[in-house]
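Protein chains: 2
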Amino acid sequence: MSKYCVGVDIGGTTVKCGLFKVNGELVDNWEVPTRKEEAGKNILPDVAAALAQKLEDHGISNDDLCGIGLGVPGPVEPNGYVSICVNLGWKDIYPAREMSALMGGKIPCKVGNDANVAALGEMWMGGGRGHDSIVAVTLGTGVGGGIIVNGKIVAGAHGLGGEIGHMHVRDDEQEYCNCGGQGCVEQAASATGILREAKRVLAASDEPSKMREYGDKLSCRYVCDCAKEGDKLALKSLNTSMDYLARGLAAVAYVVDPEVFVIGGGVSKAGIFLVDLIKEYFAKYTPLAQNKPDIVLATLGNDAGIYGCARMVLE
Amino acid sequence: MSKYCVGVDIGGTTVKCGLFKVNGELVDNWEVPTRKEEAGKNILPDVAAALAQKLEDHGISNDDLCGIGLGVPGPVEPNGYVSICVNLGWKDIYPAREMSALMGGKIPCKVGNDANVAALGEMWMGGGRGHDSIVAVTLGTGVGGGIIVNGKIVAGAHGLGGEIGHMHVRDDEQEYCNCGGQGCVEQAASATGILREAKRVLAASDEPSKMREYGDKLSCRYVCDCAKEGDKLALKSLNTSMDYLARGLAAVAYVVDPEVFVIGGGVSKAGIFLVDLIKEYFAKYTPLAQNKPDIVLATLGNDAGIYGCARMVLE
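One line per chain: the protein sequences are P and E, in this order.
Using this note's numbering, the final residue of the first sequence is 451, and nothing's skipped along the way.
Using this note's numbering, the final residue of the second sequence is 451, and nothing's skipped along the way.
Cut-off 30 Å, straight-line C-alpha distance, at most; resulting in silico cross-link-like pairs (BS3-like, lysine-lysine):
id : chain 1 : residue 1 : chain 2 : residue 2
1  : P       : Lys428    : E       : Lys227
2  : P       : Lys288    : E       : Lys428
3  : P       : Lys177    : P       : Lys227
4  : P       : Lys288    : E       : Lys288
5  : E       : Lys420    : P       : Lys420
6  : E       : Lys177    : E       : Lys242
Since the hints were made in silico from the structure, they are not lab data.
Please work from the sequences and hints to get the whole structure.
Here it is as structure tokens:
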């Protein structure tokens with residue numbers, strides 16, 4: 137009887153791997169260095185070799201495995217084809233097929249985009265547990281999203297699906313976003329965006345603020361810390377950032393209306409204080425519905441990927 | 137062998153019915169008056185009686201029916217429960233169960249919200265034919281949306297799903313939308329919104345415009361007609377309206393990234409001229425992707441509902 141599944145979250149530096157029981161219990165996890173040289177041709181063989189050893193250690197045979205899920209840091213077509221993945225050196229590859237062949241050809245393998253897969257992980261065993269329609273929002277260097285409707289990842293048809301960081305929400309933004317647009321959610325609400333907004337607020341004011349004490353060391357984290365302590369300018373700038381984030385989340389709600397938004401990424405370490413701010417603005421932009429999607433914190437951190445990869449093969 | 141399916145689109149004045157072959161060919165269609173009195177208790181019996189007669193006329197037995205799909209002008213819960221439908225007088229009803237009982241208890245019946253179901257119709261045999269991920273946009277008195285991902289309606293968890301008309305897109309809007317918000321897509325891009333924007337542009341300018349000749353008779357249709365003829369102020373106002381609509385569609389694309397947007401409703405009678413305007417602004421707000429969702433006109437008009445209702449039971 138098949139009782140285990142494996143999640144393999146392939147990053148640019150390391151591959152995170154997790155062995156799970158099908159009920160979501162993590163049995164073991166380990167990492168493998170990502171060897172990107174020679175077009176990344178060693179990555180999957182390295183993963184397969186390490187996995188084979190782990191299975192032996194745990195006395196688990198291939199027949200006990202439901203499957204192996206792979207998460208890839210780049211676009212994956214619906215048929216599992218990866219035309220290019222710059223972070224891994226891959227070109228023109230079907231990673232799941234290769235992984236399956238490396239494991240003897242009998243273990244079902246699936247592949248998905250890492251951000252989408254992480255959302256699936258949060259749904260399975262994280263902040264979105266118990267729900268089957270969630271939107272995972274990652275507030276990090278950028279702003280990413282993973283859309284899950286009725287338990288399935290919505291990947292989209294042209295690589296735009298879940299790219300909620302690039303919704304236009306701010307008309308007075310003069311700088312350009314990496315995407316080529318202006319006024320994206322990401323420019324206001326990523327770690328970078330939160331810091332930039334705080335610097336703008338400081339530059340435009342003579343008022344005292346604890347943020348000034350940090351000088352060049354000012355970071356998104358310090359902005360959030362100062363806001364929590366009640367610093368007026370920090371609160372002002374963080375409110376602006378969360379206002380624009382909430383416009384984006386409201387737009388998401390007006391499309392798929394998930395049961396819950398799960399907020400993760402480095403910025404989410406500001407915790408429930410931040411969630412409460414987001415909720416306040418989210419309510420402002422969704423007057424239509426009395427009942428609204430809940431907004432909660434992600435709980436799996438960097439492990440969301442391995443959980444989601446493993447969950448992928450249970451569908 | 138079951139070879140037919142029936143679509144029943146229940147409106148506040150009439151019920152539109154269609155008998156289809158399972159390949160989407162319309163065999164017959166008819167209407168039944170909507171008797172809303174006595175909490176709408178006669179609506180489904182009237183439909184059932186008319187349907188029984190039609191089946192007899194065509195020599196089709198109940199065994200030849202795959203099912204009957206009902207479209208309802210209001211919220212429908214995932215289990216088919218309608219707590220209230222003001223347009224029909226209904227309260228606390230499971231319409232599909234009742235319909236099935238009225239037809240002898242053996243014909244599978246399903247029920248869905250009429251806007252969502254119309255989107256399914258456009259996917260099956262209309263502007264979205266050949267695709268399985270579409271977003272139908274209805275530009276009428278209001279702006280509505282129907283989201284279909286992988287062939288399935290995305291209804292959402294709190295009644296917000298597909299309500300794309302209520303995304304906030306315009307900061308300088310002073311009037312309030314019916315939803316209680318300000319600056320909704322609907323306020324700029326519905327028939328009402330297009331007309332209001334044109335009146336504002338006229339009021340703010342001394343320039344000549346053919347629109348002025350219509351006086352109080354000016355309508356959305358005339359605004360579009362004048363814009364097509366190159367009238368400067370009409371073009372200016374219609375560009376503004378389509379700019380705000382495109383911001384909403386871009387946000388939709390950044391969530392579910394459909395293969396195609398299908399534009400319907402009264403305003404869409406302005407045709408390909410309008411679609412080209414929308415495409416221009418849509419491209420502006422989606423610089424991230426080189427390939428983009430296509431934008432096309434709906435083709436089924438008021439029949440989209442019966443098509444979609446019938447399609448619902450083929451899933």
